[in-house]
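Participant: Sequence:
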Amino acid sequence: PDRALIQTMDFFPPVVDDAYSFGAIAAANAMSDIYAMGGQVLFGLNIAAWREDLPLELLSEIFRGGAEKMREGGGAIAGGHTITDKEPKYGLAVTGIVDPRVILTKGGAQNGDVLILTKPLGTGILTTAGKNGSAVASDLQAAIQWMTTLNRDAAQAARAADLRGATDVQAARAADLRGATDVTGFALLGHAYEMANAAGVQFVLELNQLPVLEGAFALAQQGNVPGGTARNRDYLRDKVLLPENLTAEWDAVLFDPQTSGGLLLAAPPQKLSALQQEFAARHVAFWQVGYVRNGSGILVD
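Heads up: the sequence shown runs through residues 1 to 301, numbered per this note's numbering.
Hints in this document: simulated from the structure, not taken from any laboratory. For every residue, glycine included, the Cβ atom is placed at its ideal position computed from N, Cα and C. Among the hints, a few may not be true.
Straight-line C-alpha distance at most 20 Å; calculated PhoX-like pairs for lysine-lysine [as the list claims (entries may be wrong)]:
1) K86 - K131
2) K89 - K131
3) K106 - K239
Label pairs and their calculated CB-CB ranges [stated by the list, open to error]:
4) N208 - T82: 22 to 30 Å
5) I97 - A230: 32 to 40 Å
6) S296 - E214: 29 to 37 Å
Given these sequences and hints, build the entire structure.
Facilitator: Structure below.
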């Protein structure tokens with residue numbers, strides 16, 4: 001078969017104060033797994049929890065943000081379900097399609113591949129600071145802009161570079177981008193470890209190449225660190241080798257749970273030029289952040 005259904009779901013409490021932006025962020029985040037597999041979004045089902053004492057107009061704004069972002073992604077809202085809860089929550093169950101013969105998976109990275117990241121890090125720190133009233137408005141707005149940016153164009157660029165010169169599916173598979181994932185709640189290190197572990201290789205991340213949102217370091221220094229950071233650090237403690245002189249601010253960024261983060265791609269070095277051209281043609285930001293070698297786990301260099 002040349003077509004398979006893929007499904008994913010994600011929902012969470014508000015990460016920003018503006019209801020419309022929260023809806024758009026949640027929808028972009030929910031669709032991201034479809035794009036990370038190289039798929040196309042078909043439709044989504046709203047998942048919502050709402051407090052009885054909050055205005056329904058706010059919930060409508062959340063739904064509007066989600067619906068418009070879903071429409072931007074080429075899909076539609078097909079329904080959903082809302083329950084009463086003490087804490088508001090919103091997200092979607094998303095259905096898409098993909099050609100199973102050229103699906104992108106977490107486990108394909110190989111020795112010698114280069115690692116590409118398509119969004120900067122630090123959204124967890126910025127949104128936590130926003131809740132605390134500590135974030136500079138322009139820095140928080142920049143984070144929101146990144147979180148509402150779909151990973152669709154990045155995935156399409158990756159797939160287009162992958163298919164260059166391929167005359168059939170078998171040739172495309174032979175030239176396949178080795179692996180991909182989206183960077184979300186387990187932080188860059190957690191999702192990189194998932195890919196490295198699935199492929200049986202080591203990922204080397206180059207600290208000075210990692211993109212970080214403006215204001216993230218200063219806000220982390222002030223203590224604006226999400227609760228998920230400590231959980232990520234505890235889980236990854238024996239799986240990641242960090243520099244001895246790593247600052248507390250960098251530590252906070254590396255373990256920072258992301259919302260609607262970018263794609264992390266492992267690609268053969270001979271594909272790098274084609275990738276750069278395809279990303280540029282679609283105005284997609286990207287950073288070369290490391291490489292793959294024989295071994296296990298993650299090394300931050």
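Participant: Decide if the proposed pair is consistent with the structure: K86 and K131, CA atoms, cutoff 20 Å inclusive.
Facilitator: holds (18 Å)
Participant: Is the distance from the Cβ of N208 to the Cβ of T82 consistent with 22 to 30 Å?
Facilitator: Taking Cβ atoms as reference, N208 and T82 lie about 46 Å apart, which means the hint is violated.
Participant: Just to be sure I understand the hint, the distance between the Cβ atoms of S296 and E214 should be within 29 to 37 Å; is that true here?
Facilitator: holds (34 Å)
Participant: Under the criterion that the straight-line Cα-Cα distance not exceed 20 Å, is the pair K106, K239 satisfied?
Facilitator: holds (17 Å)
Participant: Is the hinted pair K89 and K131 satisfied, with a Cα-Cα distance of at most 20 Å?
Facilitator: OK: K89 and K131 at ~16 Å, within 20 Å.
Participant: Given a hint of 32 to 40 Å, does the C-beta separation of I97 and A230 actually sit inside it?
Facilitator: 38 Å Cβ-Cβ, so the 32 to 40 Å window holds.
In summary, the structure is inconsistent with hint 4 from the numbered list given earlier, while agreeing with all the others.
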